[in-house]
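Participant: Chain order of the listed sequences is G and U. Mapping the first sequence onto the working numbering, position 234 (from 1) lands on 336, and the numbers just tick up by one. Mapping the second sequence onto the working numbering, position 79 (from 1) lands on 181, and the numbers just tick up by one.
It is possible that part of the hints are untrue.
With a cut-off of at most 27 Å between alpha-carbon atoms, the simulated DSS-like pairs for lysine-lysine come out as follows [unchecked claim]: (1) G/K455 to G/K504; (2) G/K467 to G/K455; (3) U/K394 to U/K126; (4) G/K157 to G/K216; (5) U/K394 to U/K296; (6) G/K216 to G/K327; (7) G/K331 to G/K216; (8) G/K126 to U/K157; (9) G/K157 to U/K130; (10) U/K216 to U/K157; (11) U/K394 to G/K157; (12) U/K130 to G/K130.
Here chain U is said to cover these stretches of chain G; the calculated rule only asks that three of the stretch's residues, wherever they fall, bring their Cβ under 8 Å from a Cβ of chain U [to be verified]: (13) 149-156; (14) 189-202; (15) 372-380.
The hints are simulated quantities; they were obtained by calculation from the structure and are not laboratory data. The beta carbon of each residue, even a glycine, is placed where N, CA and C say it ideally should be.
There are 2 protein chains.
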Amino acid sequence: MALIVHKYGGTSMGSPERIRNVAKRVAKWARAGHQLVVVPSAMSGETNRLLGLAKELQPALVDDAALRELDMIAATGEQVSVGLLALALQAEGQPAVSYSGWQVPITTDSAYTKARIASIDDQRVRADLSAGRVVVITGFQGVDALGSVTTLGRGGSDTSAVAVAAAMQAAECLIYTDVDGVYTTDPRVVPEAKRLGTISFEEMLEMASLGSKVLQIRSVEFAGKYRVKLRVLSSFTPWDIAIDEEAQSGTLITFEEDEKMEQAVVSGIAFNRDEAKITVVGVPDTPGIAFKILGAVAAANIDVDVIVQNMSHDGRTDFSFTVHRNDYARTMALLKSDVLQLTGAADLIGDAKICKVSIVGIGMKSHVGVASTMFRTLSEEGINIQMITTSEIKTSVVIDEKYMELAVRALHRAFGLDAPSDAA
Amino acid sequence: MALIVHKYGGTSMGSPERIRNVAKRVAKWARAGHQLVVVPSAMSGETNRLLGLAKELQPALVDDAALRELDMIAATGEQVSVGLLALALQAEGQPAVSYSGWQVPITTDSAYTKARIASIDDQRVRADLSAGRVVVITGFQGVDALGSVTTLGRGGSDTSAVAVAAAMQAAECLIYTDVDGVYTTDPRVVPEAKRLGTISFEEMLEMASLGSKVLQIRSVEFAGKYRVKLRVLSSFTPWDIAIDEEAQSGTLITFEEDEKMEQAVVSGIAFNRDEAKITVVGVPDTPGIAFKILGAVAAANIDVDVIVQNMSHDGRTDFSFTVHRNDYARTMALLKSDVLQLTGAADLIGDAKICKVSIVGIGMKSHVGVASTMFRTLSEEGINIQMITTSEIKTSVVIDEKYMELAVRALHRAFGLDAPSDAA
Numbered sequence: 103m104a105l106i107v108h109k110y111g112g113t114s115m116g117s118p119e120r121i122r123n124v125a126k127r128v129a130k131w132a133r134a135g136h137q138l139v140v141v142p143s144a145m146s147g148e149t150n151r152l153l154g155l156a157k158e159l160q161p162a163l164v165d166d167a168a169l170r171e172l173d174m175i176a177a178t179g180e181q182v183s184v185g186l187l188a189l190a191l192q193a194e195g196q197p198a199v200s201y202s203g204w205q206v207p208i209t210t211d212s213a214y215t216k217a218r219i220a221s222i223d224d225q226r227v228r229a230d231l232s233a234g235r236v237v238v239i240t241g242f243q244g245v246d247a248l249g250s251v252t253t254l255g256r257g258g259s260d261t262s263a264v265a266v267a268a269a270m271q272a273a274e275c276l277i278y279t280d281v282d283g284v285y286t287t288d289p290r291v292v293p294e295a296k297r298l299g300t301i302s303f304e305e306m307l308e309m310a311s312l313g314s315k316v317l318q319i320r321s322v323e324f325a326g327k328y329r330v331k332l333r334v335l336s337s338f339t340p341w342d343i344a345i346d347e348e349a350q351s352g353t354l355i356t357f358e359e360d361e362k363m364e365q366a367v368v369s370g371i372a373f374n375r376d377e378a379k380i381t382v383v384g385v386p387d388t389p390g391i392a393f394k395i396l397g398a399v400a401a402a403n404i405d406v407d408v409i410v411q412n413m414s415h416d417g418r419t420d421f422s423f424t425v426h427r428n429d430y431a432r433t434m435a436l437l438k439s440d441v442l443q444l445t446g447a448a449d450l451i452g453d454a455k456i457c458k459v460s461i462v463g464i465g466m467k468s469h470v471g472v473a474s475t476m477f478r479t480l481s482e483e484g485i486n487i488q489m490i491t492t493s494e495i496k497t498s499v500v501i502d503e504k505y506m507e508l509a510v511r512a513l514h515r516a517f518g519l520d521a522p523s524d525a526a
Numbered sequence: 103m104a105l106i107v108h109k110y111g112g113t114s115m116g117s118p119e120r121i122r123n124v125a126k127r128v129a130k131w132a133r134a135g136h137q138l139v140v141v142p143s144a145m146s147g148e149t150n151r152l153l154g155l156a157k158e159l160q161p162a163l164v165d166d167a168a169l170r171e172l173d174m175i176a177a178t179g180e181q182v183s184v185g186l187l188a189l190a191l192q193a194e195g196q197p198a199v200s201y202s203g204w205q206v207p208i209t210t211d212s213a214y215t216k217a218r219i220a221s222i223d224d225q226r227v228r229a230d231l232s233a234g235r236v237v238v239i240t241g242f243q244g245v246d247a248l249g250s251v252t253t254l255g256r257g258g259s260d261t262s263a264v265a266v267a268a269a270m271q272a273a274e275c276l277i278y279t280d281v282d283g284v285y286t287t288d289p290r291v292v293p294e295a296k297r298l299g300t301i302s303f304e305e306m307l308e309m310a311s312l313g314s315k316v317l318q319i320r321s322v323e324f325a326g327k328y329r330v331k332l333r334v335l336s337s338f339t340p341w342d343i344a345i346d347e348e349a350q351s352g353t354l355i356t357f358e359e360d361e362k363m364e365q366a367v368v369s370g371i372a373f374n375r376d377e378a379k380i381t382v383v384g385v386p387d388t389p390g391i392a393f394k395i396l397g398a399v400a401a402a403n404i405d406v407d408v409i410v411q412n413m414s415h416d417g418r419t420d421f422s423f424t425v426h427r428n429d430y431a432r433t434m435a436l437l438k439s440d441v442l443q444l445t446g447a448a449d450l451i452g453d454a455k456i457c458k459v460s461i462v463g464i465g466m467k468s469h470v471g472v473a474s475t476m477f478r479t480l481s482e483e484g485i486n487i488q489m490i491t492t493s494e495i496k497t498s499v500v501i502d503e504k505y506m507e508l509a510v511r512a513l514h515r516a517f518g519l520d521a522p523s524d525a526a
C-alpha cells in the first residue's frame, strides 16, 4: 500500500495492443492497493514523425521562437499517449485521469527542447489518487513561467517520472523498458553477462554515461539528488505475473552502500566505440598550452571526453584527447588550420579506430589493486593501452577498436562477473 | 490596416507543401499592414486517426471520464497544426507565435466533445499582435473551469474562428475552404448555379442546415449573435493574387438588408436526400396523439425534421414526419411494436426514397406568391408534392427522390437564378 510511479517507454506504448498490456499491468498494481502515477512516453516513432514535419517547414530551427513551436508540436506525442492509456485503464474497470505537464503543473525554465524542471505541484494529482484514480502524466514536458509548453529533450520521460516520484515522495519509481535490467556488460558482447540485482547510484551514473543506454543520465542524477528509489525492469514480462515477483525483478538503483555491494569490487564493464583520438605531438610544454588547444575545440562547440598529457621531454610534450567520432574530421581540420602554428607543435596524429573500455564499481573506492588487475589482464591478452583516465569508481582505457570484444570479455572474467551471483 | 481572422480547413493544412502556401498567403496579408489571427484545423485525416486509436482502446466511450480523455487526444491534431503553421510563417520571415485554446485562454463549459465557448481572453493575443507577430490559435478546442481540455465537436474550428473574431471585434473573419463560396445551389446538380456575392445571415443559416456544407451551422449562429462579418472563400486560389481581389472574392455573409438583397426574392435552392418519410395512417384525431407518436421517437434519441398533420376525416387523420435515413429502420420497428396499438392507428407506411427541396430567400418575407411559384413550377414538371413546410424565409417540399435533380433545376430557373447576376 504505497505510492508508486511507473514509467513506460515508447516501445511499450507502441500499439493499442501494447497499451492495453500496460493498462492491465498498472490496474494489477492498483488492485493490490497501491496508489499509481504513470508516466508514458509517446508511441514509438511518433516523436520522430512530428519532428520530421517541423523540419520540413523550417529546416534550421535555431532561434527561440522556432524552438518554442518545436516543443508545442513534439509535446503532442505524449499527450496522445496519456489519453489512450487512461482510456485503456478505464476499459479495464480502473478509474483513471490524464494530465499534460501544464495541467499538473510541472513548471520548467524556458530552455525550449532542453528545459529543466523547476517545480511540481502535486495537489491535484494527490486529490485524484485519494479518490481512487490512477493518474497518467505526460512525460518529457512541462510549462514555463509564460505558460508556453516546454520539452525536456530526448529521453526526458525518464526524468519526468523520477521528478514526479521525488516531488511526491513515492516509495519507488519503476522504469519499465525493453531490457530487463542493468547488466554487468552488454550481453551481445559477453554472453555470460549477468543482470545486476542492485547497482549504486554512482555506478549507474558511470554506466549510463559510458554507453549503457538503459536510463537517461539526467534521470539518474535527479534520482541521486532526491534519493528516489529507482528500479529498471522489463515491460515484456506477462502482465499478470505475481506482483511480489515483479516488484523484485530488474535492477534496483540504490543509495545505501550495504554489505552486498561491498562484495563486488567491480560491478560492470562499460564500453563505447563512438570516440576518436587526437594527439598533438611535440607541443612546447608552456603554461596555457592545454587552453590554446582545447579552447579552439570548445569554441567550435565540440565536446571533449578523455584528456591526457604526459610528462615532457626536452621541454616538449604530447597532448591527447578524444572527441565523438562524428566530430573527428571537423576537429582535425580545425587543429590543422589554426592550432599547429599557434602552439608550435610538431605534428598532429588522429585515430578514429579506437574504443573506450571502463571498469565501474563503487567497491574500487576501498580496494587497492583494481586498476592494476585491469592493466595486467589487458597485457596478458596482448592489448596495448593508449590512454588511461580514472575516477573514484571507474577506470577507463582507450585501446585499438579491434580489441574491444576481447578486452571486455577478459575483464568480465577477471573481475569475477562471469560467476553465478546471488543478485536477484 | 485592420484586425483580420483567417480560418483554414483540414484540406488546406493537409501537407507541409499546403501549409507553406497558407503561410505565404497569411504573410502577404501581414505585409499589407493587417493584424492577423489565424485558426487552422488539424491536418486532414489526423482527427480521424486519433479517434480511431481511442476507439481501439475503449470502444464505448460513453461516460464523462472517457469523453474527457477523448478530447485530450483529439485536441493534439490542432496543436500540431498551429506549431507547424507558426514555423512556416517564421520561415517566410514573418514573426509568428502559436497558442493552444488553454493558453489564450478560450474558456468553455465542461461538455466534453461538444463544449460551448464561455469566454475568450484576448489580452495575450493583442500583445503579440502589437509586437508585430501573427498569432496562430488552435481551432476546435478550449479549456474548462477545471483546466481540462475540451473540444467543440466536428467543424468546431469554424466556430473558434468566429468566436475569436467576435471577442476581438475583428474587421472580418475569412473562412478559407475548398470551395470558393456559397452557391445558389449545388453546381454538380445545376451547372448554371452561380456563386453569391453576398448572402444574409438568416439565409446562410437555412442553407447550412438544409445541406449546404460550406460552413458549420454553429459558427453561423455565432456570427449572427455577435455580428461578425464573415466571408467564405477559396484557399486554392494562388497565394499571391492581389489582396484587394482576394478580399472581394468568395461570399460575404452579411447582416444588413441592403437594396441589392431586396432584388433577389429567392437566394438559393437547398436540397438533401438524407431523410425518410413515415406516415401513421388513420390515427384517431384526439388530443395528445402527436406526443404519443413523437414522444416514443424522441425517447429513442431519434431526431425528427419535417412534421405534417392534415385535417381529419371521420375523426381520423394521417400523421407524417421525416427522420434521418440512418434512423429509418429503427423508427419503423419502434412504431410497429409500440405505437400502433397505443394510438389505435390503422396502418404505418414508410418511404426512404424521398428528398427535401427548399427555396431560401430573405426576400420571401416581403414578396407574396413565392410559394405558389414553387408549387406551380413543380406541377408543370409533373412532380407530386408529398409534404410542405414553411418558415419566414424558406419553403420546403418533400418529393420522390427520383425527381430531385429535375426539381432543383426547374426551381433554379423559375426563380431567375440561372440569369447572370451582378453579384461579385
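Participant: Run every hint past the structure and note whether it holds.
Facilitator: So, going through the hints one by one against the coordinates:
no., hint, verdict
1, G/K455 to G/K504, "holds, 8 Å"
2, G/K467 to G/K455, "violated, 31 Å"
3, U/K394 to U/K126, "violated, 59 Å"
4, G/K157 to G/K216, "holds, 17 Å"
5, U/K394 to U/K296, "violated, 45 Å"
6, G/K216 to G/K327, "holds, 19 Å"
7, G/K331 to G/K216, "holds, 24 Å"
8, G/K126 to U/K157, "holds, 17 Å"
9, G/K157 to U/K130, "holds, 23 Å"
10, U/K216 to U/K157, "holds, 17 Å"
11, U/K394 to G/K157, "violated, 62 Å"
12, U/K130 to G/K130, "violated, 57 Å"
13, 149-156, "holds (count 3)"
14, 189-202, "holds (count 9)"
15, 372-380, "violated (count 0)"
Figure legend: structure checked against the earlier numbered hints; hints not met, in rising order: 2, 3, 5, 11, 12 and 15.
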